[in-house]
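Chemist: Build the full structure now, drawing on both the sequences and the hints.
Number of protein chains: 2
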Amino acid sequence: MPSPTTQTSKDVLNNNFEVDYVIDYRFATTGKVEAEAKFIKLIKALHQVGLSTEVRNSDNCAVLIFVKVASDNHLKAEVYRSRVQDWLYGVRATAPEKELDNHLKQEPITDAERLRLVYMLITKPAEEGGAGITPKTGDWHGIESIFALHDHAFNKTWIKDLTSKTFLDAKDLTEIRNRFGEKIAFYFSFLQSYFMALTFPAIFGFSAWILLGSYSPIYAIVNAFWCIGFTEYWKKQETDLAVQWGVRGVSKIQRENPHFKHESLITDPITGENIKIYSPFKRLARQLLQIPFALATGIILGTLIATCFGIEIFITEVYNGPFKAYLAFLPTVILTVLMPTLSALLTDFASKLTDLENYETTDAREAAMVRKVFVLNFITSYMPIFLTAFVYIPFAQILVPHLDIFQLTVRPFAEDTKQMTTPKAGFKINPNRLKKQVIYFTVTAQVVGFALEVIAPYFKRQVFQKVKSVKANQAARRGGSAAPVTVDHPEESDFLTRVRTESELGIYDVSSDLREMVIQFGYLSLFSVVWPLTACSFLINNWIELRGDALKIAIETQRPVPWRADSIGPWIDALSFLTWLGSLTSAALVYLFSGEDGGPAGNPETIKGWGLLLAMFFSEHIYLLVRLGVKTALSKIDSPGLQKERSERFLVRKQYIEAAKGYDAAEAAAASGNGQGGKISRSTLEDEARNSTLTGHGTPAKRFWGRQRGQDDTISMGRQYISKAAPNETKKEK
Amino acid sequence: MPSPTTQTSKDVLNNNFEVDYVIDYRFATTGKVEAEAKFIKLIKALHQVGLSTEVRNSDNCAVLIFVKVASDNHLKAEVYRSRVQDWLYGVRATAPEKELDNHLKQEPITDAERLRLVYMLITKPAEEGGAGITPKTGDWHGIESIFALHDHAFNKTWIKDLTSKTFLDAKDLTEIRNRFGEKIAFYFSFLQSYFMALTFPAIFGFSAWILLGSYSPIYAIVNAFWCIGFTEYWKKQETDLAVQWGVRGVSKIQRENPHFKHESLITDPITGENIKIYSPFKRLARQLLQIPFALATGIILGTLIATCFGIEIFITEVYNGPFKAYLAFLPTVILTVLMPTLSALLTDFASKLTDLENYETTDAREAAMVRKVFVLNFITSYMPIFLTAFVYIPFAQILVPHLDIFQLTVRPFAEDTKQMTTPKAGFKINPNRLKKQVIYFTVTAQVVGFALEVIAPYFKRQVFQKVKSVKANQAARRGGSAAPVTVDHPEESDFLTRVRTESELGIYDVSSDLREMVIQFGYLSLFSVVWPLTACSFLINNWIELRGDALKIAIETQRPVPWRADSIGPWIDALSFLTWLGSLTSAALVYLFSGEDGGPAGNPETIKGWGLLLAMFFSEHIYLLVRLGVKTALSKIDSPGLQKERSERFLVRKQYIEAAKGYDAAEAAAASGNGQGGKISRSTLEDEARNSTLTGHGTPAKRFWGRQRGQDDTISMGRQYISKAAPNETKKEK
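Protein chains in written order, with the UniProt record's numbering: chain E, 1 to 734; chain U, 1 to 734.
Be careful, since some hints might not be right.
Treat identical chains as interchangeable: a pair holds within one or across any two.
Claimed, not checked - Below 25 Å or equal to it, Euclidean Cα-Cα: the simulated DSS-like pairs (lysine-lysine) are: (1) K276 x K236; (2) K352 x K372; (3) K636 x K372; (4) K276 x K636; (5) K724 x K136.
I should point out that these hints are in silico values taken from the structure, not numbers from a laboratory.
Since the model is a prediction, treat every value here as computed from it, not as a measurement.
Modeler: Next comes the structure, spelled out in structure tokens:
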């Protein structure tokens, strides 16, 4: 029985019948003989690595295999091994204590640690001591998922607790870490820090909205400084949390990528370790494909967005015929239909590209994927506003007449061509368009996005259940049975129903939640100068977001595997990039739109190119300087994590020095040299001098060092020299 | 007797009578009684820490105290302690072996290590086990210098060896490291890498000079890429060398700054270690003084340079009276007189400012000083060219008429005011001025600088000897004696003469040599597009420079204390900064001066502001992108240093795992769980089941896990479920 850490967790473990993981094995599309053979193989593989199993029936051609660690000692040994490995790779500062039970009393096994290690036991390749089970691949094709069971009692109190407080404290975050692992805890920490930091721009933005209005240079500067401050603060905070949670540098050693293909296996001549080699140059060459990918993505999505943008402008501002109100929705419809399809296709392609880059660890693979996903999201999220601010408003008078090419979208409805032609003179841009768009993206889209996050999974579940029952019916028609085979034991019945429901849930993806927040930060950094209330909207949104995400984890998805992480990964680079870009866009927006006339109004001739560029140039370089300053200043300030690390290092040192008492010989020798120079050196040197006389005066060096025996000789000789050469004391020294 | 590492060093040690350090104690300005008291205190302090001493007379009211470590074991213990400390602070990957003599056989003590440790013994504060002797301060006011003796035999072969080869190899650099310490070895490595890297821009620059001429955008791009490549390569190389030499991170632990003043002394509650605290906020506040300092420096030196520049333009291009040829030297004279004085004053002020910032270690203090010195040198070195390129040539027609204010410099010589007035129309700028200036700074100034480096110390020595003899004569007049008091022992006479000469030599400052190279790199990065032959000049210059510096160390200066270092320090930031700035200046120079008309010729109206800014903007961002790419690519490539570190870590791991064989109990428990699941879990579970029967069926969890006993039960149960639910094999699987 795994040693439970707290009373609460004990109750719930009992509630869950001490089950660590459930393997959902499905055979609706597999023949009977094959299904049985694969099942036997699975059970044997699990027992091989010291796991106990129980099997229960599930609906629709599936069985549920319940897994727990067979013996408590086995779990303890796994924990110990993992902690020693952490220490060897420098993740932990101190080696775990050699007395195992003592050690576990000091650092109890958390839920997250136990679940992670059991999951590793199930999925690690055989040569590393695992069962090598990868769901949905190869022999394990029938395994739909491997999931841990929710701790419902904890989830209930957790959600209740979260909704009753405004800010999470360190204890709450540690609790999340102990339950759901560092990766999810990092997301919540980030969200929490971001939420707290948002209070400043929310208050300042509200004041600026009242006092300064839009496009205020003061707001832009303060906002940029806040962005720098927050980004740099989080970088520091991230490292600090990683140290406190004992996961610093863990991303380097975590999980080998199961799809990694090595070119050659070499044995290190020094260490004898087997190393899987994949040429870094080859990978670099493949990584270069990201550049054409980013360009292609930009062109494809950019064209789509620009086209819809053009059609919209054409219909709302040029077209003057019937159905105008309805036709205005046309671009939205096109976008809604095409964008998700294109995005999905491109994401899929990005994933293939990332696989081609062939990373050693899943963390490296994920980081590479995040970079590509960011490019995609960057284009879809910010491009419409970029088009309005830097194409439509400055160049509308030149470009709009060319929008006549979109006549074909309205031809069927127009009564005459005049309705579809730009007026020769007097076309006026819509000056509110930019602000409206920013408000749409920072308020409406956030609300819609949140609603989708919570409602979509519900429908998804419904659809999947339908699909599954169809599949099962097919199997039934081929001779199987769709109804449960045996009736559940009454004692287990509730439990099994719950497990069957959980088996149908989706998988929680922390990366997409992080992406959402980073993209949101981008609106603040890039465009909030247009509408200073942006941060207020985000502040409210994020309070709900955090609770919604907790609810999603607790109810909408399976309990996530508690992976470790030492940071929020490459999203931090995205934050830095957005802050940087913000220094450029904000300067440009302020330069273009501030002042009495409210912007170029579609006429590019009113813009002074060198002025715009100079504003951006200065803004960017001030940004870079301030960032350097903030970075330097923050690096000087101590933090609890760094203090912890230092003191741990010192303890190691102390232990070592105590263990090294054996050097007393060398130390004593040193001490003898350290003593009152006179007596000791005199006697030894006299011996040496006597020896040198015996062997014919020794070397010149021996004779040189033999002339003054010990410090007394040196002193008396020196005094002679000095008294002869030094000036008499004609004056007393002061 | 210290254990000599090689045969050569043994010979020379004998030659130097095994002397480690010589302390030059002077008392020309001290009274006899005080001089004797201080002398006695000095000798006692030295013996206290296990050093042997001999005293000999020197000229002009001075004695020379010869110091060596009293016992070989004492030295060994010091070496061992220092290496253990390195390991504890993470500088070494492996702990030194516990068997001392074995360990020293594997890693012999180098000359540099011995000299460093002895120097530390002499200078470390008493509470850290040293004699606490700081030359020229407090009680040690009479100590002029503490210096090691040159190994003349080695120096001779070294210089000979250097002059006979074009490139230094790794062995040469390791030799320098073993003799003069890592700090100087880093300088030579840098110089060597820079020299080798220069071959590319030298060849390319020569071709560009022939084929493309000045201001070629192609040259500018290639040059910028080379600068990025070299800077990033060196960063990697630097880390690699630090790992190979076992000094990575050494700058953090090296030497406490003797002038550090702590605010409070706190005892760490966890570690019990005494920590000297100085508030980082206070330091930060003081560091902010650097900004007004940089501004003031800019204004003071800038005004001086701009004034001389204005006078020069006025005399050479406006003034038309007698003595023009002689008056043209006036600004040079002003600069030559005022600049060194101002620079010295400002450097002194910078040094005071750095002391005020109150750093814990000498390395941190030095780094802070380097930053300030770079600002000074940046202004004095590049400002004249900046003025020509970006003020004189674009704006001359507007500015030159205002130069009439400099009439007073030539008034005594002019025959009438017409000679001193700008012609109303038709003033033509000197289009060759920029190129001439660049050639001056990159050829003439380099040659002059080198000559000064070699000749100046000679004169300095002459002057100092004069001063000293005057002082001694003063002392003599007060009753002392200037002539040597006793005649040297004939066996030592040559040796003592040599030591007396060495005691008069200057101290080698590696930082100023590095500065010279970094400033040189700046000309290449910032302005070489004006004159593509720049790199050729530097290539030739640096071949000589490296040998000249070696000669300087060997002959012109005292043997330097072999300090350690893990990099070239903040100079690397200076290189990055210059490369960055180069991307801006090169773009601006190319935009302004390329093309048929050869630049704006003094008329700013011919310049398109937005074009210039756009060129700079693009250039800078391409630079940043390329730098990111190069950095990423380089970080992917393995290097010998990193390999060494990895394999050392692995060995530690292996040792630990072997030492941890004591965990067999836990391992065995795990292994039992790992065995053939069936039998073992069956027996244990049967026991458990029996127990649960005895205690009334146990918990629900126990009953749940008891239903299927071992894998065979699970398998047979699962087969039942599957055979009932699964589809019949209507088709054979493929």
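Chemist: Between K724 and K136, at a C-alpha cutoff of 25 Å, which is it: within one copy, between copies, both, or neither?
Modeler: between (97 Å within a copy, 23 Å between copies)
Chemist: Between the shortest in-copy and the shortest cross-copy C-alpha distance, which are at most 25 Å for K276 and K636: within, between, both, or neither?
Modeler: Intra 40 Å, inter 15 Å, cutoff 25 Å: inter-copy only.
Chemist: Pop the pair K352 and K372 into one bin, within, between, both or neither, using alpha-carbon distances up to 25 Å.
Modeler: For K352 and K372, the Cα distance is within 25 Å only inside one copy (11 Å; across copies 51 Å).
Chemist: When Cα atoms must be at most 25 Å apart, do K636 and K372 count as within-copy, between-copy, both, or neither?
Modeler: Intra 34 Å, inter 19 Å, cutoff 25 Å: inter-copy only.
Chemist: Have a look at K276 and K236 and pick one of within, between, both or neither, based on CA distance no larger than 25 Å.
Modeler: between (34 Å within a copy, 24 Å between copies)
In summary, this structure violates none of the numbered hints.
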